[in-house]
Structures are given as structure tokens and as C-alpha cells.
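Enquirer: Residue strings, one per chain:
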Amino acid sequence: MSDIVRMVVVLSLIAGFSSAALTVANIKLGPQIEKQTDLYVRGPALERLFKRPAEEVLGNKVIIHAVDQDIPVFFTKVDGVVSILAIEAVGKGGFGGDLKIMVGVDLNAGRMIGMEVVSHSETPGLGARIVEISFRKQWQGLPTDTPIALTTAGGTIDSISGASTTSGAAVRGTNDALVFVRDYKDEILKSISEL
Amino acid sequence: MAQKFIPTLTAGWWKRIPPFRLVLGLCPALAVTMSAENGLGMGLATAFVLILSNGAISTLRNVIPSKVRIASYIVIIATLVSIVEILMKAYFFPLAEQLGIYIPLIVVNCIVLGRAEGFASKNPPFISMVDGFSVGTGYAISLTLIGSIREILGAGTWFGNPVLGESFEPMAFLVTAPGAFVTIGTILALQNLYSRWRGEKFIQG
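Top to bottom, those sequences are chains U and L.
Adding 1 to a residue's 1-based position in the first sequence gives its number in the numbering used here.
Adding 153 to a residue's 1-based position in the second sequence gives its number in the numbering used here.
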């Protein structure tokens, strides 16, 4: 009997010690991992959106606590006034899972400056063409006060041929981001001024 | 112990060099050696896990009941691998992205469990860590070698720097999966040929 007890105790002790070690590692290195993710995953999208090196923009980050999730928002200022926001949004229901996109909004003009894909797992040659500029440039200059839609739904966005699911996910993600900006604009500006 | 130190230290670099002699850990050797950098990164990650897991398992070898030893080893190895993954994500993010799923898969790399069961569970901590270092660095050397051959001949670069000039037509075959089998097979054959010519005794394990 004591053999079994000893087995259970030893195994539990090892497992407990292991989880403690992992917790410490996760807590200690979490912020560093977040920084690296910003630089290598979001960096390229931000670079194209703001048309300046990612290092300049990455510091301008606030995290807004929305109803069910935390949304990272990047911004640039002109003459001390916040001019452009980049909101990360999730395009639900892509063909290979959710898309992660970044929507650029020019607050002064009330128009979008573009949409960038942060990460996706769409089919190469079909849905993966979402990263091509020919599709994404349709976002440039659209007004932010009306939701966007695909042409099949009476909107202005031509979907990628053979990948309407992917295109739909990008549109849904964008609309979520637009609603988020409208509802949380004051909160975003407040957190930016508190930085 | 002193007379064991040198043989243990050097065994991993030739006599039981993985994956050629100790024919274990072939899966990552085939999968991630598209370039020398990937091979080196994977080899060093495995070496790190191997040294620490050998040390930990050898320290606990008299505490762990033999009936649950494999489970205990796996828990220890899995913890170390997770720590390596966190460290790589924090400091070598692009490499971690490149190696992807193969970092967590070090847990089931037979070399780690093989050295734990075959060496660390029977020897004191220090010499076990020496064995881990030796086998781990041997693995890193092998992976870098395989990666270098595939990268130089298959892409004309080494660690990302062009080495063979503009006129070289890369053999793209070598950077694909079948190229890995051919490269490893060729190296294995050459090593066996050399050993036979020298009249060396083969050791297993």
C-alpha cells in the first residue's frame, strides 16, 4: 500500500513543482513575449498602414477593455492631436478560422486609410489573396460612419473571386472595428492622453 | 568518475552521435534542417533540454519509484521544453516561428527520453549532465551539418549569406522533404564506411 502512496506523492510533487516553474516563467517573460509579438506579427501591418517604421508606432499603443475582450489600439499624432488610429479586429468566420486584421481610421477626415491583415490561415491562392493590395485598397477612403458591405450584399467591396467567405470575414471584422471606434472613441482618446 | 568523464564527454560527438549513430531523433532532423540556422536553433534547444533533464532526472533517480518513472520523466521533460519554448518566443521570436510545432515536439524526441532512461537513471547528476551536454551538442552539430549541406546545395546560401555565387543553379530538391532523407542517408553511409575502414566497434545506446 505504501508503495502506491509513495508513487502518488512523488508524481504529484513533481507535477506541482513543474507547474510552479512554468507559472513563474510565464509571468516573468509574458511582457517580453508580447513585445516580440507586436514587433514581428503586428509590426509589418502597422508599417504598411502608417507608412513609417514599426518601431516608431509600436510605442503608441493603448489597450482598451471592451465588453468581452481587450482590444489593442495603435495611434499617431499630428501637432499633438491624435490623427490616425489602427484598431485590431477579429474577422470571425474566415474559411480557415478567424482572421486578425488591423483597420486604420483617420479621425479628422472620418475616413478609413486602409485595412491590413495581421494573421490568417486561409487557402493559398484563394483566401490567402486577402493580403494582396488589389483587394485591400478598396478600403482606402471609405467613410467610417456607415458600415461596409460586399457588392453581393449591396455594398462596395468586390470580394476575392472564389473566396467570398474570407472577404465576408474581413468585412465583418472591419464593421466590428468601426462600431468599436464609434462606441469607445472617448475612452480611447482618454487612455491616449493618460499615457 | 574521473576515468568516465572524458569518454562520456566525447562519446556524443562521434561514437554515439545522434541522429547517425544513436539512430534516434530522426523526425526533427528530417523536418527542420532546411537551413543551417534552423538546424542550429533546434539542436541548441534540444541540447538545453537534454542537459537539464538529465541533471534533474539523475538527481531524483533514487526518489522516483520505478513503476512511475516514465511518467515522471515525461513531466520533467515537458516542463523544460515549455520553458525553452517561452524563452525562444521571448528572445528569438523569428526562429521560434520558423521551428513552430517542432519546439513543443522536443518532448517526444526519443533522444531526451532515451538518455534519461539509458544514462541519467543509473548515474550521478554531474556525469549525467556531461552526457546530456555531449549528446546535445553532438545533435546540434549534426543538425547544423545536415542543414548546411541542404542549404548550400539547395539554395546556394549558408546562414542566409550567399556563398556559391550568381551562376550556381540551386538543387531545390535538397530543401524539400525527400532531400532530407537523401542527405541523412548519404552522411550515415559515409560515416559507416569510414568507421568500417578504421575498424571501429559500433556501440548502440
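If you're looking for bench data, these hints aren't it; they were derived computationally from the structure.
The structure presented is a predicted model; accordingly, all values stated were derived computationally and were not measured.
Fair warning: there could be bad hints in the mix.
Stated by the list, open to error - List time: in silico DSS-like cross-link candidates among lysine-lysine, alpha-carbon distance up to 25 Å:
#, chain 1, residue 1, chain 2, residue 2
1, L, K242, U, K36
2, U, K36, U, K138
3, U, K101, L, K242
Enquirer: For each hint, tell me whether it holds in the structure or not.
Expert: Hint check results:
no.	hint	result
1	L:K242 <-> U:K36	10 Å, holds
2	U:K36 <-> U:K138	29 Å, violated
3	U:K101 <-> L:K242	20 Å, holds
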